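All chains, full assembly: derive it from the sequences and hints.
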Amino acid sequence: MNSSYQLRNIKVHHGQQCVLDIPELSLPKNKCIALLGNNGAGKSTLLDLLAFITKPDQGQISLQGQTAQFPLSRKQRQMIGYVSQHPFLLTGSVADNIALALHLQGINRKQHQKRLKQALELVNLSHLAQQSARTLSGGELKRAAIARAVAYQPDILLLDEPFSHLDQSHSQQLEDIIQQFSSQAGMTVIFSTHDRLKGRALADSTINLVSGKTTKSPLLNLFHGTLHDHVFDTGHLQIHTTSQLKTARHIAIDPSEIIISTEELHSSMQNHFMGRMTLIAEESGTIRLTIDCGERFHAIISPKSLSDLNLTIGGTIWLSFKSTAVSVF
Amino acid sequence: MGYFSDSLAAAFQLIISFDKDIYQIVITSVSISFIAALIAASLAIPAGIYMAMNQFAGKQIIQHLLNSLMAMPTVVIGLLLYGLFSRLGPLGHLDLLYTPTAIIIAEAILIFPIMMNLAIVAVTSADQRLVPTLISLGAKPIALSIQVAKHTRFAILAAIITGFGRAIGEVGAAMMLGGNIEGFTRTMTTAIALQTSKGEFETGLALGLLLLLIAFIVNFMLSWLQRSYS
Numbered sequence: 328m329n330s331s332y333q334l335r336n337i338k339v340h341h342g343q344q345c346v347l348d349i350p351e352l353s354l355p356k357n358k359c360i361a362l363l364g365n366n367g368a369g370k371s372t373l374l375d376l377l378a379f380i381t382k383p384d385q386g387q388i389s390l391q392g393q394t395a396q397f398p399l400s401r402k403q404r405q406m407i408g409y410v411s412q413h414p415f416l417l418t419g420s421v422a423d424n425i426a427l428a429l430h431l432q433g434i435n436r437k438q439h440q441k442r443l444k445q446a447l448e449l450v451n452l453s454h455l456a457q458q459s460a461r462t463l464s465g466g467e468l469k470r471a472a473i474a475r476a477v478a479y480q481p482d483i484l485l486l487d488e489p490f491s492h493l494d495q496s497h498s499q500q501l502e503d504i505i506q507q508f509s510s511q512a513g514m515t516v517i518f519s520t521h522d523r524l525k526g527r528a529l530a531d532s533t534i535n536l537v538s539g540k541t542t543k544s545p546l547l548n549l550f551h552g553t554l555h556d557h558v559f560d561t562g563h564l565q566i567h568t569t570s571q572l573k574t575a576r577h578i579a580i581d582p583s584e585i586i587i588s589t590e591e592l593h594s595s596m597q598n599h600f601m602g603r604m605t606l607i608a609e610e611s612g613t614i615r616l617t618i619d620c621g622e623r624f625h626a627i628i629s630p631k632s633l634s635d636l637n638l639t640i641g642g643t644i645w646l647s648f649k650s651t652a653v654s655v656f
Numbered sequence: 035m036g037y038f039s040d041s042l043a044a045a046f047q048l049i050i051s052f053d054k055d056i057y058q059i060v061i062t063s064v065s066i067s068f069i070a071a072l073i074a075a076s077l078a079i080p081a082g083i084y085m086a087m088n089q090f091a092g093k094q095i096i097q098h099l100l101n102s103l104m105a106m107p108t109v110v111i112g113l114l115l116y117g118l119f120s121r122l123g124p125l126g127h128l129d130l131l132y133t134p135t136a137i138i139i140a141e142a143i144l145i146f147p148i149m150m151n152l153a154i155v156a157v158t159s160a161d162q163r164l165v166p167t168l169i170s171l172g173a174k175p176i177a178l179s180i181q182v183a184k185h186t187r188f189a190i191l192a193a194i195i196t197g198f199g200r201a202i203g204e205v206g207a208a209m210m211l212g213g214n215i216e217g218f219t220r221t222m223t224t225a226i227a228l229q230t231s232k233g234e235f236e237t238g239l240a241l242g243l244l245l246l247l248i249a250f251i252v253n254f255m256l257s258w259l260q261r262s263y264s
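Chains as they are written, first to last, in my numbering: chain U, 328 to 656; chain B, 35 to 264.
Simulated from the structure, these hints should not be mistaken for lab results.
Okay, derived cross-link-like pairs now, BS3-like style, lysine-lysine, Cα gap no bigger than 27 angstroms in a straight line:
| # | chain 1 | residue 1 | chain 2 | residue 2 |
| --- | --- | --- | --- | --- |
| 1 | U | Lys382 | B | Lys93 |
| 2 | U | Lys444 | U | Lys402 |
| 3 | U | Lys540 | U | Lys356 |
| 4 | U | Lys382 | U | Lys338 |
| 5 | B | Lys184 | U | Lys437 |
| 6 | U | Lys338 | U | Lys402 |
| 7 | U | Lys338 | B | Lys93 |
| 8 | B | Lys174 | U | Lys402 |
| 9 | U | Lys338 | U | Lys358 |
| 10 | B | Lys174 | U | Lys441 |
| 11 | B | Lys174 | U | Lys444 |
| 12 | B | Lys174 | U | Lys338 |
| 13 | U | Lys402 | U | Lys356 |
Predicted model only: the values in this text are computed from it and were never measured.
Below, the structure written as structure tokens:
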């Protein structure tokens with residue numbers, strides 16, 4: 328039993344539209360996992376399923392090796408702590424909210440004070456224990472909701488877009504909390520974010536969602552369009568692929584597979600585009616470039632290449648990549 | 035004008051002199067409506083919360099039925115219950131006709147759909163995150179309903195007060211089922227109708243003023259609750 332969740336043949340519909348379609352997915356135990364994807368990709372829908380707040384229209388979900396049925400047993404419910412994108416705190420103080428969670432989870436009243444203290448310390452919110460939940464700032468509210476979710480000591484913590492609407496300092500605090508929680512033995516953290524770079528930086532592994540489907544592609548250089556005869560048309564560019572699929576709606580190109588040059592390369596690579604440099608940023612010892620070729624591409628190069636190529640913002644450059652570097656789905 | 039102003043002065047005199055007969059009627063009326071409101075609330079509020087929080091077959095039909103019942107004339111309820119409670123009716127052996135109990139039953143039936151509908155509105159207009167949050171925190175169905183009721187308590191209390199206000203102003207069913215018996219089933223509304231028809235306008239006016247005062251207090255409480263809720 329090495330997975331916290333096993334999903335099989337999951338389908339969720341909103342009206343006629345299928346918003347989540349996952350034939351098979353296993354989420355490992357004791358890991359920090361990021362769900363990556365754009366708005367509307369199905370991240371919140373998937374997290375709602377993992378939190379057993381909503382039922383899938385079809386399919387099965389196993390929790391820690393056991394098939395879970397609605398409603399969850401108390402023991403199973405205690406395994407999951409869930410913080411939604413816009414957490415809702417009930418009337419009363421922060422401590423009242425945590426006490427309610429402990430009460431609903433059936434935690435022995437004698438342990439309430441100790442658990443309350445531990446949870447508030449974890450999120451660095453002890454000084455606001457008696458403050459009315461209505462008067463908390465956005466960052467405090469998120470931390471209070473996390474304290475409420477971890478107070479009953481779940482094995483799995485689910486966080487939906489934890490960094491949205493937070494300033495840099497609150498975001499940093501939250502990153503520390505996630506890392507602290509996920510470093511504890513036996514803890515699984517699953518969080519969703521549309522910030523792919525942050526997700527990849529924080530998590531041990533990532534799950535990419537596009538239009539309700541999981542994909543192994545890194546979701547950087549993700550484009551939408553139509554596929555015809557191995558050529559994917561984004562509306563602005565025609566990108567050569569080696570895909571055998573007859574129809575596809577999305578492609579993604581690994582940024583490390585993109586070759587940057589100041590002149591057009593004459594090589595076997597089928598994709599060559601001229602563009603304008605719009606961003607040069609350092610990230611964990613590498614250089615991230617954003618190039619506008621009609622579509623916006625991200626490429627990763629070394630600091631040496633940056634100085635060799637003498638790249639400047641606004642400058643004209645060429646990017647090239649093989650058709651095999653294009654993931655089609 | 036003299037007739038009306040003289041009657042008004044006499045009515046005020048009856049009120050401030052704490053006329054025993056007048057206040058006996060007020061007490062009867064308030065207690066009947068209060069009990070009816072409590073009985074209706076004990077059934078309508080849980081039913082409303084359940085209906086708002088669950089999807090089931092026939093929910094739409096029940097909703098339409100509730101809306102229709104809210105507009106049902108009180109005299110029709112009085113007529114139906116009269117048929118049930120009269121000596122020859124199926125419940126005639128219970129000897130309920132012309133008793134406060136009969137009025138309480140009629141008023142409870144009358145205000146049940148109002149309270150249930152308002153309870154449904156109270157829950158459905160609560161924050162959409164409330165129920166998912168409580169489920170994620172481990173609330174089982176009964177605990178979930180209790181917490182939802184607790185969170186929407188002001189709106190639910192407003193539903194009860196609205197029901198009470200509707201009950202105390204009811205006249206048709208109270209007249210048909212209570213019989214307007216002095217000191218027993220004579221309520222404010224039935225007494226107003228009787229005294230006015232007897233030509234004792236000042237007594238009717240005194241009761242009318244007290245009924246208005248109760249309506250004012252009820253409305254004041256409602257707006258206070260609505261302010262607290264928002």
